[in-house]
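Novice: Since the structure of chain A is provided, determine the placement of chain B on it from the hints.
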Amino acid sequence: MNYRIRLFALAAAAAFGLAGPMLAQAQTKVNLGVAIPAATHSFAAGLVYWAGEAKKELEKDPNIKVTIKTASGAPEQANQLQDLVTATKIDALVILPFESAALTRPVQQVKAKGVYVTVVDRGLTDTSGQDAYVSGDNTAFGKVPAEYLAKFLNGKGNIVALRGIPTTIDNERMDAFNSVMKQHPGIKVLDAKHGNWNRDDAFKVMQDFLTRFKEIDAVWAADDDMAFGVLKAIEQAKRKDIKIVFGGAGAKTMVKTLMDGSNPLIQANVSYSPKFIYDAIKMTALARQKGEKLPASTIVPSVLITKQNAKDFYFPDSPF
Amino acid sequence: MQPEHIDPPAMPAAPAVAARRALRLPAVGAMLGLVLLCIAGTLLNSQFATADNALNVLTRTAFIGIIAVGMCFVIISGGIDLSVGSMAALIAGVTILLMNKLVPLGWSPVVVVVLGMSAAVLLGAVFGLAHGLLITRGRIEPFIVTLGTLGIFRAYLTYFADGGAIALDNGLADTYGPVYYGSLLGIPVPVWVFALVAIAGAVLLNRTAFGRYVQAIGSNEQVARYAAVDVDRIKVLTYTLLGACVGVATLLYVPRLGSASPTTGLLWELEAIAAVIVGGTALRGGAGSIAGTVIGAVLLSVISNILNLTNIISVYLNAAVQGFVIIAVAFMQRRRP
Chain A
17 MNYRIRLFAL
27 AAAAAFGLAG
37 PMLAQAQTKV
47 NLGVAIPAAT
57 HSFAAGLVYW
67 AGEAKKELEK
77 DPNIKVTIKT
87 ASGAPEQANQ
97 LQDLVTATKI
107 DALVILPFES
117 AALTRPVQQV
127 KAKGVYVTVV
137 DRGLTDTSGQ
147 DAYVSGDNTA
157 FGKVPAEYLA
167 KFLNGKGNIV
177 ALRGIPTTID
187 NERMDAFNSV
197 MKQHPGIKVL
207 DAKHGNWNRD
217 DAFKVMQDFL
227 TRFKEIDAVW
237 AADDDMAFGV
247 LKAIEQAKRK
257 DIKIVFGGAG
267 AKTMVKTLMD
277 GSNPLIQANV
287 SYSPKFIYDA
297 IKMTALARQK
307 GEKLPASTIV
317 PSVLITKQNA
327 KDFYFPDSPF
Chain B
365 MQPEHIDPPA
375 MPAAPAVAAR
385 RALRLPAVGA
395 MLGLVLLCIA
405 GTLLNSQFAT
415 ADNALNVLTR
425 TAFIGIIAVG
435 MCFVIISGGI
445 DLSVGSMAAL
455 IAGVTILLMN
465 KLVPLGWSPV
475 VVVVLGMSAA
485 VLLGAVFGLA
495 HGLLITRGRI
505 EPFIVTLGTL
515 GIFRAYLTYF
525 ADGGAIALDN
535 GLADTYGPVY
545 YGSLLGIPVP
555 VWVFALVAIA
565 GAVLLNRTAF
575 GRYVQAIGSN
585 EQVARYAAVD
595 VDRIKVLTYT
605 LLGACVGVAT
615 LLYVPRLGSA
625 SPTTGLLWEL
635 EAIAAVIVGG
645 TALRGGAGSI
655 AGTVIGAVLL
665 SVISNILNLT
675 NIISVYLNAA
685 VQGFVIIAVA
695 FMQRRRP
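These protein sequence lines map, in sequence, to chains A and B.
The numbering used here applies: residue 17 is where the first sequence begins, and numbers increase by one.
The numbering used here applies: residue 365 is where the second sequence begins, and numbers increase by one.
So that you can see chain A by itself, here it is in the shape it has in the complex (with noise of 0.2 Å):
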């Protein structure tokens, strides 16, 4: 349905496009093309329903057009961005590539057909086809959980970790992490295990966690969907050694939860918003109009959330 709909505005899009630069030259047009994952998770369901925030805004000037693709492979991705190219004919692209390795071509091309390109948090291998680079903050993304649980159990303690899907990301966030608790030499980190970002997969890693250390001060679950499988585990296991969950990205229900206080072992949270797309694309496509250049990189920076902040972090009509 969803996709005819699509469809359809894509072909009238395609026919405005025709028509437009005949009618008005006056003010600068942009025709802002945008590609993205498909909403398969919750996550990449937030990275759609944000892009079409910024859809909706931009283009209540009538100078401003915004085609979204969403894809649910690479070269399915690859195959969007020529479409763009040549049939909706875009001066700029906001991508968020599936890939990085795979997409680093086809997003080269493009800038070589004159396209501005503005690459959101994955970046591109070589980073010649991009010219600006909005990502969120995944250093920032393992920091601030460990500075803020290494605070609250004083400097000691027994922590186990969740990874997401073995990627860069996932590498990164965890090196942060470990190189905090590095300075803390009371506290251990007993193990880390893949949960892939999954709730399910979560809750039977922390079972064994559980089966395997008898005393456990902190879970760092290291995303909100496989905090949600932990909190299960811990329930089931009635254990009570256990203080505090530290998950991320900050799901809507546990910015709630966060909110309402109503779960003691959820205290904090931290930032990576699928709003940095919602950005990228405002900030694309209004410095294309006055003909502006973006800065080649922009950090959104990933931030403490606890109970006095988190009002502004909750999003009640995004699906994450």
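Treat each hint with caution, since some may be false.
When the alpha-carbon atoms are kept at most 30 Å apart in a straight line, the in silico DSS-like pairs for lysine-lysine are as follows [unchecked claim]: (1) A:298 - A:127; (2) A:71 - A:204; (3) B:465 - A:268; (4) A:256 - A:323; (5) A:105 - A:256; (6) A:127 - A:172; (7) A:309 - A:172; (8) A:327 - B:465; (9) A:272 - B:465.
Short derived list, chain B residues pointing at chain A, Cβ under 7 Å [claimed, not checked]: (10) 417; (11) 424; (12) 528; (13) 529; (14) 621; (15) 626; (16) 669; (17) 678; (18) 679.
Since the hints were derived computationally from the structure, they do not count as laboratory data.
From the three backbone atoms N, C-alpha and C, an ideal C-beta is built for every residue, glycine too.
Specialist: Leaving out everything else, chain B in the frame of chain A:
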């Protein structure tokens, strides 16, 4: 008086022998593999051999195990179902949405949960029936039909969930919780259900006409047809049975996390098929055993359990260990030509 319901005299010998062989021999390889793994697990971590850990492993095996029992019938009959993971996810999502919708009607939570559980099994059976009809009446390869529904089921769940997660109403979650977290005589409920499904499956496969027909069709569909076995009906029944098994697995799954998301049940189809094959059932059909399937399912979850309980192997190699064990076990129980 109804010839199609009488065992054809020429038929029983071959499949019965095959069945007997299947019961004894192939499961031995999986059994041996499981015993070796358990010894290794105990040596690596003394916590492995505790009752709590064993029950954890059995409880989490229950979903895949119950699906694998149904899958065993489909594979023995010469078919395959690739959609079970997506089907479980969609059933979980639809069941949760249904129960949430029933809450405002003011019925007692127990009634709502029972309705939800019945809906899960019914929905599974209907999906299975649809598979069976498309495969027999529609004459489409089971691989293609279920590959198609694999995409369809998951896409609809993602659509209903708006890409996020569908969460069960909090009040209902408390009522429904014991179905996964509760236990009877010290054994968790899912383990009981798993045991019952396995026993029922074994009886159905080895002690009924239906079971013999399933094996006959898998051995040689043409011969079964000549022997007046209603091949289409039996095939439709195996897919419906598998669908119902997926429904049962899902009704146990829903109370665990109280939510369904697009990652629910991801790759369950491969785990269920692997459990069946590791348990000694031939992928080409004809013969197989429920006991072997159960052992196969337990074996698969023991591997990841041991990996989680130890630190000796890089976490990046977890999947490789599982792969090595599957191949090794299959080697131990290979059939001689």
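Novice: Does each hint fit the structure? Answer for all of them.
Specialist: Do the hints match the structure? See the list:
At most 30 Å may separate the alpha-carbon atoms for a hinted pair to count; residue 298 of chain A and residue 127 of chain A meet this at roughly 19 Å. The straight-line distance between the Cα atoms of residue 71 of chain A and residue 204 of chain A is roughly 47 Å, outside the 30 Å bound, and the hint therefore fails. A distance of roughly 22 Å separates the Cα atoms of residue 465 of chain B and residue 268 of chain A; the hinted pair therefore holds under the 30 Å criterion. The suggested pairing of residue 256 of chain A with residue 323 of chain A holds, with an alpha-carbon distance near 23 Å, which does not exceed 30 Å.
Among the hinted pairs, residue 105 of chain A with residue 256 of chain A is inconsistent with the structure: their alpha-carbon atoms are about 60 Å apart, more than 30 Å. A threshold of 30 Å between alpha carbons decides the hint, and for residue 127 of chain A with residue 172 of chain A the separation of about 52 Å lies outside it, so the pair is violated. Distance check on the hinted pair: residue 309 of chain A and residue 172 of chain A sit about 48 Å apart at the alpha-carbon level, beyond 30 Å; violated. Between residue 327 of chain A and residue 465 of chain B the alpha-carbon distance is near 29 Å, which keeps this suggested pair within the 30 Å criterion.
Only pairs whose Cα atoms come within 30 Å are accepted, and residue 272 of chain A paired with residue 465 of chain B is accepted, the gap being roughly 22 Å. A distance limit of 7 Å between C-beta atoms decides the matter here; for residue 417 of chain B the minimum to chain A is near 5 Å, and the interface restraint holds. At about 6 Å, the closest approach between the beta carbon of residue 424 of chain B and any beta carbon in chain A falls short of 7 Å, and the interface hint on this residue holds. Taken as an interface hint, residue 528 of chain B checks out: its beta carbon lies about 3 Å from the nearest beta carbon of chain A, inside 7 Å.
Taking 7 Å as the C-beta cut-off, the interface hint given for residue 529 of chain B holds, the closest approach to chain A being about 6 Å. Interface restraint check for residue 621 of chain B: the shortest CB-CB distance to chain A comes to about 5 Å, inside 7 Å, so the restraint holds. For residue 626 of chain B, the interface hint holds, since its Cβ comes within 7 Å of a Cβ in chain A; the closest pair sits about 5 Å apart. Among the interface hints, the one on residue 669 of chain B holds; its C-beta lies about 6 Å from the nearest C-beta in chain A, closer than the 7 Å criterion.
With its C-beta approaching chain A no nearer than about 10 Å, residue 678 of chain B sits outside the 7 Å limit, and its interface hint is violated. Using the Cβ-Cβ criterion of 7 Å, the hint placing residue 679 of chain B at the interface with chain A is satisfied: the shortest such distance is roughly 5 Å.
Violated hints for the displayed structure, listed by number in ascending order: 2, 5, 6, 7 and 17.
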